[in-house]
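Chemist: Sequences listed follow chains A and B, in order. When you line the first sequence up against the working numbering, it's residues 1 to 323, in that order. When you line the second sequence up against the working numbering, it's residues 1 to 293, in that order.
Just so you know, these hints were derived from the structure itself, not from any lab. It cannot be assumed that every hint is accurate.
Now the stretches of chain A that chain B is said to cover, found in silico as 3 or more residues with beta-carbon under 8 Å [said to hold, decoys possible]:
1. 53–61
2. 83–97
Below are the PhoX-like pairs computed for lysine-lysine, each with C-alpha atoms no more than 25 Å apart in a straight line [said to hold, decoys possible]:
3. A:Lys-77 / A:Lys-144
4. A:Lys-128 / B:Lys-265
5. B:Lys-265 / B:Lys-118
6. B:Lys-280 / B:Lys-265
7. A:Lys-77 / A:Lys-128
8. B:Lys-118 / A:Lys-279
For glycine and all other residues, C-beta sits at the position ideal for the given N, C-alpha and C.
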Amino acid sequence: MSGAGLRRAVVLAAVVVACVLPFALSNFRLFQFTQVFIYAIALLGLNILTGFNGQISLGHGAFYAVGAYTTAIMIDKWNVPYGWTIPVAGLLCLVVGFLFGIPALRLEGLYLALATFALALAIPQILKYFEHWTGGSQGIVLSKPRAPFGLTLNPDQWLYFVTLGVLLVLFVLAANLLSRRTGRAIVAIRDNPIAAQAMGVNNALYKSLTFGVSAAYTGVAGALSAVAIAFVAPDTFNVFLSITFLVGIVIGGLASISGAVFGALFIQFVPNWAQDISKAAPWAIYGIFLITFMYAMPRGIAGSLRLVLGRLARLSGGTRRVA
Amino acid sequence: MDIFVQQVVSGLATGGIYGSLALALVMIYQATDVVNYAQGEMAMFSTYLAWTLINAGLPYWVAFAATLAIAFVGGLAIERVVIRPVENAPVLTIVIVCIGLLVILNSLAGWVYSYIQKPFPSPFPEKPIRIGNVFFGAHDLGALGVTLVVLLSLYVFFRYTTLGLAMRAAAQNPVSSRLCGIRVGWMLAVGWGLAALVGAVAGMMVAPVVFLDPNMMAGILIYAFASATLGGFTSPGGAVLGGLIVGVIENLVGTYVRFIGTELKLTVALAVILVVLVAKPSGLFGRAAVHRV
Chain A
1 MSGAGLRRAV VLAAVVVACV LPFALSNFRL FQFTQVFIYA IALLGLNILT
51 GFNGQISLGH GAFYAVGAYT TAIMIDKWNV PYGWTIPVAG LLCLVVGFLF
101 GIPALRLEGL YLALATFALA LAIPQILKYF EHWTGGSQGI VLSKPRAPFG
151 LTLNPDQWLY FVTLGVLLVL FVLAANLLSR RTGRAIVAIR DNPIAAQAMG
201 VNNALYKSLT FGVSAAYTGV AGALSAVAIA FVAPDTFNVF LSITFLVGIV
251 IGGLASISGA VFGALFIQFV PNWAQDISKA APWAIYGIFL ITFMYAMPRG
301 IAGSLRLVLG RLARLSGGTR RVA
Chain B
1 MDIFVQQVVS GLATGGIYGS LALALVMIYQ ATDVVNYAQG EMAMFSTYLA
51 WTLINAGLPY WVAFAATLAI AFVGGLAIER VVIRPVENAP VLTIVIVCIG
101 LLVILNSLAG WVYSYIQKPF PSPFPEKPIR IGNVFFGAHD LGALGVTLVV
151 LLSLYVFFRY TTLGLAMRAA AQNPVSSRLC GIRVGWMLAV GWGLAALVGA
201 VAGMMVAPVV FLDPNMMAGI LIYAFASATL GGFTSPGGAV LGGLIVGVIE
251 NLVGTYVRFI GTELKLTVAL AVILVVLVAK PSGLFGRAAV HRV
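Pulled out of the complex, with its shape left as it was, chain A reads as follows (with noise of 0.2 Å):
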């Protein structure tokens, strides 16, 4: 079997598996899961930025706030079905995040990094402040939607069906974008902006648009999480939960798809098991897997398991592939 075509299996696999979960599991755990799969997509998003074009951000965080008090507020004040707030957040993301990419322009690598992340430390103050749309420091209670058309699913299982469609076709289009002409050059202006410039590539132009992308995944996300949480308030965005989605891609695979499933699965699991010995654990331990990856894994988990795979295609006698 070629390259292309183990990995064409292992994600139908995966998909597999998936649609059948919600039958096998407590509701808990699937609700776990379905939080798996809403990392999942703001991790793509941060990874789109950080990953594939290079620009720092420490502040997504922000973004899925966006996104999650866009859908809680539409809701909560106007009534809107929940299903029409989460492209809305995806859009106004996208909108503030070309807004904040213009900026951004300016700053390179350290200075970008040191702005958002100023951004991150920012946001709940921001968020109490608008206390009239926001509910200040006791946030907005939201009531879990029930399944429609009549099917019989239970709210945990529907939002598990709902939060995997919308994975997989982010998924699908991101995979799209970066493996054309558009993810050619938005890595090429990672890797030499001077010479993407020179090949024609407007760099001012592709790096606010991916910011924009990039912060519409997160937004998504955040519209997500509003929904299967049914609760936003200001504290949970805090810095750390901007460190969080970095820690994600780091671990999963920075300038990776299916990475962000991996550093997903991983910023869900780990730290809930970790918790069992202190609190303070799961930090301790995000901080070790940060810096132990940086020096021995930079690829992450899912660059890992390509070498693994790829080595393995290439001893079954498959066509020889460069990843």
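Given the coordinates of chain A, work out where chain B should sit on it, guided by the hints.
Modeler: Relative to the frame of chain A, chain B by itself:
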């Protein structure tokens, strides 16, 4: 008018703390081109060590000196062990490693000392000092004094000692310095040690005000970033001055601009950073970055 003077002085006191942390950031940035995101947590951790020493019965100033020594060695060790392997790695790698360090120190402090806030003693009397009609907090004046002493000694160190000269040389031109027999790697490590020491002073001076807890430095670090950005990441003096300016702005804006108050303080720092980076990325006193094509 009295309130104004009071606010300015108290702004200078917090500004001095921002300034020292900003100076620590700039020292590391100049030597190794790394913005140390863990600077705040290193300071926080040193402050916890000071708390332990004071609780063990040491007099304040002895504990103070001991903490500085430990912080210096700790900073040096962190550079040797954690930063050195990624010295020439891309920016993203270094940022991630620093964030990892931040997270580890933060959780370690939470693990060992719990997340409950602790009071931290101030070496200065509690009674405010009255000059004319204006009352100044003794801790504010004391903290400002300590900060100035530290800055002055650093200046003297870098300006008049051989080691200081060697360190400046190593930062400016590593290759030539190595040819002159300067051990560049060690100079960088000493730079990290000194930065950790300066950070520890900032931590111990700010802890009586904000109370000791593992997240106490997050807000202060952002102000230090704002100060360093305002003064210019390439200018140590600028960073300190930037700190003083940011401290005074913070206090005046908090007092006189009704809609900001204390609730949007961090947003002010964010605004300062964004405005400076967009309008004058090199800061007030920094050199503009030049890229070789």
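Chemist: For each hint, tell me whether it holds in the structure or not.
Modeler: Going down the list of hints, with the structure as the test:
1. 53–61: holds (count 3)
2. 83–97: violated (count 0)
3. A:Lys-77 / A:Lys-144: holds (16 Å)
4. A:Lys-128 / B:Lys-265: holds (12 Å)
5. B:Lys-265 / B:Lys-118: holds (23 Å)
6. B:Lys-280 / B:Lys-265: holds (22 Å)
7. A:Lys-77 / A:Lys-128: holds (17 Å)
8. B:Lys-118 / A:Lys-279: holds (18 Å)
Violation of the numbered hints given earlier is confined to hint 2; every other hint is satisfied by the structure.
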